[in-house]
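Add chain B to chain A, keeping to what the hints say.
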Amino acid sequence: MVQQRTNPLRKYIRNRKLPHFFCPGCGCGQILNYFLKAVDDLQLDFKKIITIGGVGCTARIPIYLNTDSLHGVHGRTLAWATGIKLYRPDLKVVIFAGDGDLVSIGGNHFLHASRRNLDVTVILVNNFNFAMTGGQVAPTTPFNSVTMTTPYGSKENTIDVCKLAVSAGATYVSRWSTAKPIQTVKSIKKALQHKGFSLVEILSQCPTNFGRYALRTGDPEKVLEWIKNRSISKTKAEKLNEHELKDKFILGEFIDKKRPVFQGTTLFKEEDN
Amino acid sequence: MNKNIKHEGRRIKSGIHFILGNYAVVEGALAAGCNYFAGYPITPANEISELMSKRLPEVGGIFVQGEDELFSIYSVISASLAGAKSMTATASAGFNYMQEGIGYASAVEVPCVIIDVQRCRGENFATQADVMQMRWGASGDYESIVLAPSSAQELFDFTILAFNLAEEFRNPVIVMSETTIALMRERVEIPEKESIEIYKRMYTSLTPEEYLPFKAKNNSPPEFAPMGKGYHTLYTLNYRNEDGTMDWDAQGYKKLYQRITGKISENKDKICITESYFLNDADAVIIAYGSEVRPALDAIEMARNDGLKIGMLKLITVWPIHENLIKEIAKNIRRIFVVEMNIGKYAKEIERLCLPFCPVTNITKNMGIIHTKEEIYAAIKEAW
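First to last, the protein sequences are chains A and B.
Converting from the first sequence to the working numbering requires adding 26 to each position, the first position being numbered 1.
Converting from the second sequence to the working numbering requires adding 23 to each position, the first position being numbered 1.
Honestly, I wouldn't trust all of these hints.
Under the rule of at most 16 Å between Cα atoms (straight-line distance), these lysine to aspartate or glutamate pairs were calculated in the EDC-like manner [as the list claims (entries may be wrong)]:
{"id": "1", "chain 1": "B", "residue 1": "Lys29", "chain 2": "A", "residue 2": "Glu297"}
{"id": "2", "chain 1": "A", "residue 1": "Lys295", "chain 2": "B", "residue 2": "Glu81"}
{"id": "3", "chain 1": "A", "residue 1": "Lys43", "chain 2": "B", "residue 2": "Asp270"}
{"id": "4", "chain 1": "A", "residue 1": "Lys295", "chain 2": "B", "residue 2": "Glu31"}
{"id": "5", "chain 1": "A", "residue 1": "Lys37", "chain 2": "B", "residue 2": "Glu232"}
{"id": "6", "chain 1": "A", "residue 1": "Lys43", "chain 2": "B", "residue 2": "Asp266"}
{"id": "7", "chain 1": "B", "residue 1": "Lys252", "chain 2": "A", "residue 2": "Glu182"}
{"id": "8", "chain 1": "B", "residue 1": "Lys77", "chain 2": "A", "residue 2": "Glu296"}
{"id": "9", "chain 1": "A", "residue 1": "Lys73", "chain 2": "B", "residue 2": "Glu232"}
Counterexamples of contact, computed for chain A against chain B with all Cβ distances above 10 Å [stated by the list, open to error]:
{"id": "10", "residue": "Pro45"}
{"id": "11", "residue": "Asp67"}
{"id": "12", "residue": "Met174"}
{"id": "13", "residue": "Ile185"}
{"id": "14", "residue": "Ser193"}
{"id": "15", "residue": "Lys216"}
{"id": "16", "residue": "Glu247"}
{"id": "17", "residue": "Asn267"}
{"id": "18", "residue": "Lys274"}
No wet-lab data here; the hints were simulated from the structure.
Glycine included, every Cβ here is placed at the ideal spot set by N, Cα and C.
Just chain A, same shape as in the assembly (with noise of 0.2 Å):
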């Protein structure tokens, strides 16, 4: 006889929405399964966990998750978060967002969210195009990658999500990948507990549309491959030049400091008489 196990997370997932909507070899589904076990390593009271998605592929891990959720506006992720986070500070507020949600369409919110250092967990997956639409060019798409928008090639210089983060004042940042998921729990373990605007940054593979078009392959395992291959860890980034850098993603903390958190444009001040 077969026993029949069942995955201990899944008392997280809300299980009437089963099966889930990712392709075969997406990596929202890896990525689902380590913020979960962080939540679970923490033991974090998952009722006072909300969730919220934006559009796309990864804007729909939440509708999965047994949380109060926001899902369905295209980048305004950071705007909901503002609103519940200042009003219930004791709520944990994470945002899933793929990387057109949030550095496209998002990116004003983004950079002002990272700069009053607004109390809230980011985990930005960073599948290289806008996915659920087809396969089209996103900021941080590859240069003279093709897409369905680039049939000739990228001529637009791509974003670093995470330097933009840093030089726009998130206090915890980081960058890793599908590939290293030990690392990516620990990360978003840190993420969780840490006081101030934390993002997670996740390469993750897109084997249905960015690996068929600009990889010429919809094997997950290659496009994971491709990933590996241009990854390099920051202790060994530091050492090389700019020239042995290009195309390469950095991994690894870029920042993990203290400061005070956003609670409102203003506060209350006694008037001195």
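Frame of chain A; chain B shown alone:
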């Protein structure tokens, strides 16, 4: 909840004041219990943000100057879902940006208040040109509740009313302000706390296991569940079942939007408020809303002195439109005049209702300035 309540006693400034219309909005919001405000600078709505930034933290509320209007509307929406009474204020150009959020708030049934101080394109002159955008400016099916004050006092009163309607019907409510009244100083009487009626949000008495976030009676809003208490409600713009799970169901979709629109359109008698002037013996009736009711009333006085029996229906609720009442009036009179400051937008809606019964004459002015009573009276005489 904000634990730093400083001076709750300063929330309601009971007494008689001589204040700017925009300030009356702030005092009205505070009297209604507003405790979250986000706004982006735009003239002629700035005084609302400015006074809010001083008054709201003073009573323990939260003030945020957003990076744009989209931030403002969405943070107001999410604060409301978290339990706040929230509001934003903008002017016409900023109101465009907020449509996206208004669409979400309507679909997900989020109470919130939006003040739109209407202005001419790019210039701060008087207009009522957003009247149609206030109804259906966002994508998708929904119904709006829009209130039109005509004075600083009404800006105070209707802001409270807006919060109450928003909570009762779980819908965004728009207060249609105008440059004319927003930037005018007038007498405003703020009542004692005890005599201000406040609609308190009802939370479900069901357990998380029993609770279905979007289950509701026909033409009614569903019950709220508090956030962070294990009710795991999914507030998605997409179609969702009564239990809140995202799905697609053609019949369910039809039913959901029947209910979301029906809770407004089938409750008009509860929502719509009008005021009547000299209707009893009127041969003709002016329909007006917002600041235009003021010169219109003066024009009626001129007409009555000359023996023309004319009355007025003042619309406090511009949307939903009080169809039955307007039709009833049209049946018994010779002509309807619609006075408004735009190219004649609301007049088309009145024509739709009244043309089988009586002719409709537009008295429009689209020059960035309110009608004079003489202009209105001249137009009445010409058509009489």
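So, going through the hints one by one against the coordinates:
no., hint, in the structure
1, B:Lys29 with A:Glu297, "holds (13 Å)"
2, A:Lys295 with B:Glu81, "holds (8 Å)"
3, A:Lys43 with B:Asp270, "holds (9 Å)"
4, A:Lys295 with B:Glu31, "holds (14 Å)"
5, A:Lys37 with B:Glu232, "holds (15 Å)"
6, A:Lys43 with B:Asp266, "holds (11 Å)"
7, B:Lys252 with A:Glu182, "violated (46 Å)"
8, B:Lys77 with A:Glu296, "holds (11 Å)"
9, A:Lys73 with B:Glu232, "holds (14 Å)"
10, Pro45, "holds (13 Å)"
11, Asp67, "holds (21 Å)"
12, Met174, "holds (23 Å)"
13, Ile185, "holds (18 Å)"
14, Ser193, "holds (16 Å)"
15, Lys216, "holds (23 Å)"
16, Glu247, "holds (30 Å)"
17, Asn267, "holds (36 Å)"
18, Lys274, "holds (32 Å)"
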